[in-house]
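Asker: Each chain, letter by letter, is given below.
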Amino acid sequence: MSELDKRIEENEERLRLAIESTQLGTWEYYPLTGELHWSPECRKIYGLLNDQEVDMSVFDEHIYEDDKQHVIQQIEEAMNPAGNGAYDVIYRITRFDDHTIRWIHPKGKVYFNEKRQPERFIGTVVDITEYKAFEESLRESEQRARIAIEAAELGTFDWDIAAGNYYSSPRVMEIFGYGNQKDVTHDDLVSRFHPQDKPIRDKAVKESIDKGGLMYEVRVVWSDQTIRWIKVYGKIIPGIHREVRRMYGIVMDITEQKSQEAMLEKLVAERTLSLMQSNEELKKSEERYSKMAEEVQDYAILLLSTEGFILNWNKGAERIKGYHESEIIGKHFRIFYLPDDRENRLPETLLREATETGRAMHEGWRIRKDSTIFWGSIVITALHDAENNIIGFTKVTRDLTERKMAEEQLQQYNRELEAQNKELEQFAYIASHDLQEPLRKIQTFTEILEKNITDEPTARKYLERITSSAHRMSQLVRAVLDYSRLSVSEIVLEPVDLDSVLDNVKNDLELPISERGAEIVSQKLPVVKGIPIQLHQLFLNLLSNAIKFSDRAPKIRISSRSLPSRENSQYAGLQPGMEYAEIIVEDQGIGFEQKYASRIFTIFQRLHGQKAYPGTGIGLALCKKIVDNHYGHIHVESEPGKGSRFFIYLLVAQK
Amino acid sequence: MVCFFIDDDADDQEIFGMAISEVFPKVRCLFANDGIEAMERLSDPTFFPSCIFIDLNMPRMNGKECLVEIGKIERLRKVPVFIYSTSWDHTLMEECKELGAADFIVKPAGLQALTDRLEQIIQENHLYE
Numbered sequence: 000m001s002e003l004d005k006r007i008e009e010n011e012e013r014l015r016l017a018i019e020s021t022q023l024g025t026w027e028y029y030p031l032t033g034e035l036h037w038s039p040e041c042r043k044i045y046g047l048l049n050d051q052e053v054d055m056s057v058f059d060e061h062i063y064e065d066d067k068q069h070v071i072q073q074i075e076e077a078m079n080p081a082g083n084g085a086y087d088v089i090y091r092i093t094r095f096d097d098h099t100i101r102w103i104h105p106k107g108k109v110y111f112n113e114k115r116q117p118e119r120f121i122g123t124v125v126d127i128t129e130y131k132a133f134e135e136s137l138r139e140s141e142q143r144a145r146i147a148i149e150a151a152e153l154g155t156f157d158w159d160i161a162a163g164n165y166y167s168s169p170r171v172m173e174i175f176g177y178g179n180q181k182d183v184t185h186d187d188l189v190s191r192f193h194p195q196d197k198p199i200r201d202k203a204v205k206e207s208i209d210k211g212g213l214m215y216e217v218r219v220v221w222s223d224q225t226i227r228w229i230k231v232y233g234k235i236i237p238g239i240h241r242e243v244r245r246m247y248g249i250v251m252d253i254t255e256q257k258s259q260e261a262m263l264e265k266l267v268a269e270r271t272l273s274l275m276q277s278n279e280e281l282k283k284s285e286e287r288y289s290k291m292a293e294e295v296q297d298y299a300i301l302l303l304s305t306e307g308f309i310l311n312w313n314k315g316a317e318r319i320k321g322y323h324e325s326e327i328i329g330k331h332f333r334i335f336y337l338p339d340d341r342e343n344r345l346p347e348t349l350l351r352e353a354t355e356t357g358r359a360m361h362e363g364w365r366i367r368k369d370s371t372i373f374w375g376s377i378v379i380t381a382l383h384d385a386e387n388n389i390i391g392f393t394k395v396t397r398d399l400t401e402r403k404m405a406e407e408q409l410q411q412y413n414r415e416l417e418a419q420n421k422e423l424e425q426f427a428y429i430a431s432h433d434l435q436e437p438l439r440k441i442q443t444f445t446e447i448l449e450k451n452i453t454d455e456p457t458a459r460k461y462l463e464r465i466t467s468s469a470h471r472m473s474q475l476v477r478a479v480l481d482y483s484r485l486s487v488s489e490i491v492l493e494p495v496d497l498d499s500v501l502d503n504v505k506n507d508l509e510l511p512i513s514e515r516g517a518e519i520v521s522q523k524l525p526v527v528k529g530i531p532i533q534l535h536q537l538f539l540n541l542l543s544n545a546i547k548f549s550d551r552a553p554k555i556r557i558s559s560r561s562l563p564s565r566e567n568s569q570y571a572g573l574q575p576g577m578e579y580a581e582i583i584v585e586d587q588g589i590g591f592e593q594k595y596a597s598r599i600f601t602i603f604q605r606l607h608g609q610k611a612y613p614g615t616g617i618g619l620a621l622c623k624k625i626v627d628n629h630y631g632h633i634h635v636e637s638e639p640g641k642g643s644r645f646f647i648y649l650l651v652a653q654k
Numbered sequence: 000m001v002c003f004f005i006d007d008d009a010d011d012q013e014i015f016g017m018a019i020s021e022v023f024p025k026v027r028c029l030f031a032n033d034g035i036e037a038m039e040r041l042s043d044p045t046f047f048p049s050c051i052f053i054d055l056n057m058p059r060m061n062g063k064e065c066l067v068e069i070g071k072i073e074r075l076r077k078v079p080v081f082i083y084s085t086s087w088d089h090t091l092m093e094e095c096k097e098l099g100a101a102d103f104i105v106k107p108a109g110l111q112a113l114t115d116r117l118e119q120i121i122q123e124n125h126l127y128e
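So the protein sequences, as listed, match chains G and S. The opening position of the first sequence corresponds to residue 0 in numbering that gives the first Met the number 0, with each subsequent residue numbered one higher. The opening position of the second sequence corresponds to residue 0 in numbering that gives the first Met the number 0, with each subsequent residue numbered one higher.
Just so you know, these hints were derived from the structure itself, not from any lab. The beta-carbon is built from N, C-alpha and C at its ideal position, and this holds for glycine as well. Treat the hints with care, since some could be wrong.
Pairs of lysine to aspartate or glutamate residues, derived as EDC-like cross-links and limited to a Cα-Cα distance of at most 20 Å, are as follows [as the list claims (entries may be wrong)]: (1) Lys594/G with Glu36/S; (2) Lys368/G with Asp339/G; (3) Lys106/G with Glu173/G; (4) Lys450/G with Asp115/S; (5) Lys594/G with Asp115/S; (6) Lys460/G with Asp8/S.
Calculated from the model, a selection of chain G residues having no Cβ within reach of chain S, i.e. all distances over 12 Å [as the list claims (entries may be wrong)]: (7) Lys43; (8) Glu52; (9) Asp65; (10) Arg101; (11) Glu134; (12) Arg145; (13) Lys181; (14) Ala261; (15) Ser273; (16) Ser304; (17) Glu362; (18) Trp374; (19) Ala385; (20) Ile447; (21) Ser473; (22) Leu508.
Pulled a few chain G residues facing chain S out of the computed Cβ check, cut under 8 Å [said to hold, decoys possible]: (23) Asp126; (24) Glu436; (25) Arg439; (26) Lys440; (27) Gln442; (28) Arg464; (29) Thr466; (30) His470.
In isolation and in its complexed conformation, chain S is listed as follows (with noise of 0.2 Å):
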């Protein structure tokens, strides 16, 4: 299982990491620092992330133009993609919804709360390995 994450806080993507292999020990977590790069990364067609987990606050490209872009991808289609942010508005969430997201996950604080919301959204999108 291939996992792509988007953020350009290095924290979080190590924070982030350590969540998601509590929940799946062999998965394979992949990096991005913001939507350009991500974008880039996904340009290659060989590269098939299982899930996508965006931040919204980023430099160049944010959370939400990234979103978008990705539904233009025809091969992502199926492919559930999950916004990850400090922002609990909820306009904003319907707002990310909208544009495609499978689901909008409010950064928890604390790691064990974060393990907690990720084995939620698993089940609810039956991602397993």
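If we strip away everything but chain G, and leave its shape as in the complex, we get (with noise of 0.2 Å):
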């Protein structure tokens, strides 16, 4: 082997490494002999062992049926002596071990002999599969990408300002106004951005090479005056000295989105601010309404806590019930209500009612905080949130104290009218009956005298009879009289102290205490609130009956108990709220069935005969019109032999 031939040996021996690092396949073909050659990395690419012997049909066969014919006439148009004998095809195969298809790229040169015979074919071959799926992923994304642009009807540009080049769409050609027509330019597009928001376009581009993005929205204006909104989304690619070389993206209409941008920005600042108003108003409303509830003199207005502790006050509170705020917060409600109405749950119950009706109304006596009482006119109302939950209730009470003084002060002129008209009948009746009895009696006892004029102890009989008709006569005139005085209106009560009204009823009957040998015990009596000459006639009244009713000698107690206020109630005729003293005047005489109780007050009315027990009949009812003017009560207990309790109420007096 010559020097030569070893370096073509050792040159060839480099290119086959350097053809093989690159995975280049490599063939020879003598279309003379039919004699074809295949490099081991050629075989890798077929899939074909290194020993398998190859020829044209062999060849043949693997070719992807689809390409067979492109590939044979690239083949014979290679072959051909007219041609210049290049070879450049790019098809598939079919590989021989796993069958699968792959892309491959020969290139080649046919050698012509003198005779211009295709003498020799040698060439190189790649597997371009990869390559190729690469292609094809690229080529179906740009596919993808454009369908997207069209249907989302965004225009495309790409302006290489080094190169001078300017590419847009149709679709931006549109965008801008121009239609479909041709020959636009980048100038004539820029020419088309509103003046005012030409700086904003300018700033974009010009940080875009800070941002490596772009992005603005621009007014277009059209021939036609029309505005058009556009957005620009693009990529920069810089130059070495910053400045913008190459400038791509896609411009899109966004008039319409604006436009429902711009209403929906109106309606939102409209909502906005009808909502900060009625805030406002709200607000303004709130603090009105607690402004107001604090200032009202005349209410109380309080919110109670569901359970009934209080949770605000205001003046009308404060005026009413006479609690300063600081004092009264955090208390339960029922501090305003009297110890009879606490025990008997009164509160609770109201609590209750509005829990379940909504509102619970009522009226009665309460107690301010220096335990004098009012007259309250009360309203609770339960108060709920949006679920209908109970979170508590609001409270407004009236000071009616002057309202019910005077409903009561009506009805005791009614009361007293109406016993004035009773009284008025009773006076009818007594004029009728009573007092025409002895009027009667002298009557007819002056006949009978008369027929007897001559029968002097007979005539002495009845003109006896005559004068003890016309006492008796007189003896109701006086008593009638008596209690007609009782009668008068302006009645001004002082303190009286019982016990020395006591002791001058004691002396006033003394002869008849001897007579009868009365025993009269008392107990200290209490001063009580009255008018002194009344009360004297009251119990002088309630005495000389117990002294008289009786048949044997009398035994008379007399006892007082201050009543508890809650038994006010319990006596007709008693004020709420007011003390009263409670004095028993006790007999062991004949007493009476206790159905006549009632009856013995009023006026005429006798339950014994005159020849047992006389009387006018009207002793009784001047006691109780005594302790009505006392704004007292009397009431009577009594068994027949066993004697009676007389029962009287009044007023105490004040230290």
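Join the two chains into one complex using the hints; note that each chain is given alone, in its own frame.
Answerer: What follows is the structure, given as structure tokens:
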């Protein structure tokens, strides 16, 4: 082997190594002999073992059916002596070993002999399946992008500033108002930007170098003065001097979106404004309301928790109930109720009623801080949240003491008027009956006397009867006068010591007491509010009755106790909330059946015959009238043969 | 003839006795001081008065109550009961008649007036000795 040959061999070897490292297969074909050689790399591409023989039939066989015709045609063309012998084709093969389809790219050249016969056909081959797949996916994604761009009605542009090329899609022309006009330059497009918005675009372009991206929204003005909003997204390729070399991206028409946005913005702004206004109004009205509630003087307006604890307090509440805000917040509202009402759980009952029906109303006596009472008219209203749960109560209280007093005064007047009417009737009755009775007797006895005028003893007897009737007449007239005197309307009560009243009465009754051997025992009696002379009359009548209606030596006991104010309501005529004394006058006399207990206080009602117990029938009616005049009450318990017990209730004088 | 007179007033008992004797000299007049006493007397089945006179205004049991009680006694159903009172109240008179009173006598002033009234009553009710 010559030195040259050696060097050629060496070079060939290097070339082979270089080719192998690039995964490039090589092949040689001798058309005249039909000889075919494939390099190992070439065999690898075809999936052919190294020791397997190859010839043209093997070559034909592996060409993918669809591409066969094309390949054969290309080979024929290369081997055409008229041509230049170049061969460059891309096609598919079916690999021998795993029968997969691969894309290959052979490149070769045909050498001709002197007779212009193709003598040698050599070349390289490379497996481009991966590249093909990449290319395919690229093509697909490009297609997808194009479809997306078209569907979204996006315009695309590509401005290669360095090269001075500007491309934009037909959609860009539409967006800029050029329709399908041709030969529209970049300057033409720029001229359509709204003059006021140009700086926005310039600024965006300038900043895009740092950001690497371009984004701006501007208006464009069409030739018919229509204004459209556009949005541009793009990429920037900067040059070494931070200049924009190339700019490409998309353009979209956002006019509709903008107008919707604008409308939405307008709506939101309007809503926000009206919300703010109503919020403000609400706040104002809340303020006004709380200010109002706070300042109201005539009503106590409170907020109660669900359990009835006081949460707030206004001036009216302070005025009516006397507590300062600081000492009442957090307390239970039962504090305003009388002990009796508290015991009967009236506050709780009212809350329950408000819970069940939404509202509870009540009128009654309530206590102030200073223990005085007032007549309160209250309304408790349940407060609900959005889910209709009770979250508390409002309680509005009015002090109607004056009205109540006026009402009571009116009732009192009514009662007085009724009583006076009744008395008038009784007076008529007296005139027709009781006062007539002695008169009738006088007339009758006079007649009998006349008949017996000559019979002196008989005449004298009837004269005496006439005198006695006349005496009774005058007694009755005096009693009626006493009774009528009690009806004087102006009543001024002053403190009266009942002990001294009793002493005076005992003095007046000294004679009957000693005659009947009466024993009067009394406890210490209170000082009451009264009219001295009337109270004297009251005890005089009661004691003289006790002495009179007894069949043995009278034993009389007088006792007293202070009446618990809650018992006031048990007795007709007592003033609520006032302090009363109960005085009991008890005898062991003849008594009477309890069923006559109310009758005995009526004028001229007598339970006993005139003969056994003489009297006018006015004494106890007088007692009743006196007690009524004192805003008091009198009643009696009695049992025949055991005695009677008179209960008198009088106002206690404050020390 | 037996006459039963119920009145708490002793004077009236005497006056009535005198008057009825004028009309019926042989009359036997029995007295009670009030309704309770009268009812006790009438509970005796052998006591059978020809006529009964009741005062209205009496303690314990008054005239009207007494009238009702007498009405309950079967034995006395045909015995006329007269109300004898100072009252001349028409509604009261009507009330008493409804409760079973045969007539209503207003206590007159004077003995002769009473005698005359009693004679009239007796004729009207055919009460003869």
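Asker: A separate judgement is required for each hint: does it hold in the structure or not?
Answerer: Hints, one by one, checked against the model:
no.	hint	verdict
1	Lys594/G with Glu36/S	holds (18 Å)
2	Lys368/G with Asp339/G	holds (17 Å)
3	Lys106/G with Glu173/G	violated (47 Å)
4	Lys450/G with Asp115/S	holds (17 Å)
5	Lys594/G with Asp115/S	violated (40 Å)
6	Lys460/G with Asp8/S	holds (18 Å)
7	Lys43	holds (145 Å)
8	Glu52	holds (156 Å)
9	Asp65	holds (137 Å)
10	Arg101	holds (138 Å)
11	Glu134	holds (132 Å)
12	Arg145	holds (120 Å)
13	Lys181	holds (128 Å)
14	Ala261	holds (97 Å)
15	Ser273	holds (79 Å)
16	Ser304	holds (63 Å)
17	Glu362	holds (41 Å)
18	Trp374	holds (42 Å)
19	Ala385	holds (69 Å)
20	Ile447	violated (6 Å)
21	Ser473	holds (17 Å)
22	Leu508	holds (24 Å)
23	Asp126	violated (141 Å)
24	Glu436	holds (6 Å)
25	Arg439	holds (5 Å)
26	Lys440	holds (5 Å)
27	Gln442	holds (4 Å)
28	Arg464	holds (7 Å)
29	Thr466	violated (13 Å)
30	His470	violated (13 Å)
Checked against the numbered hints above, the structure breaks hints 3, 5, 20, 23, 29 and 30 and satisfies the rest.
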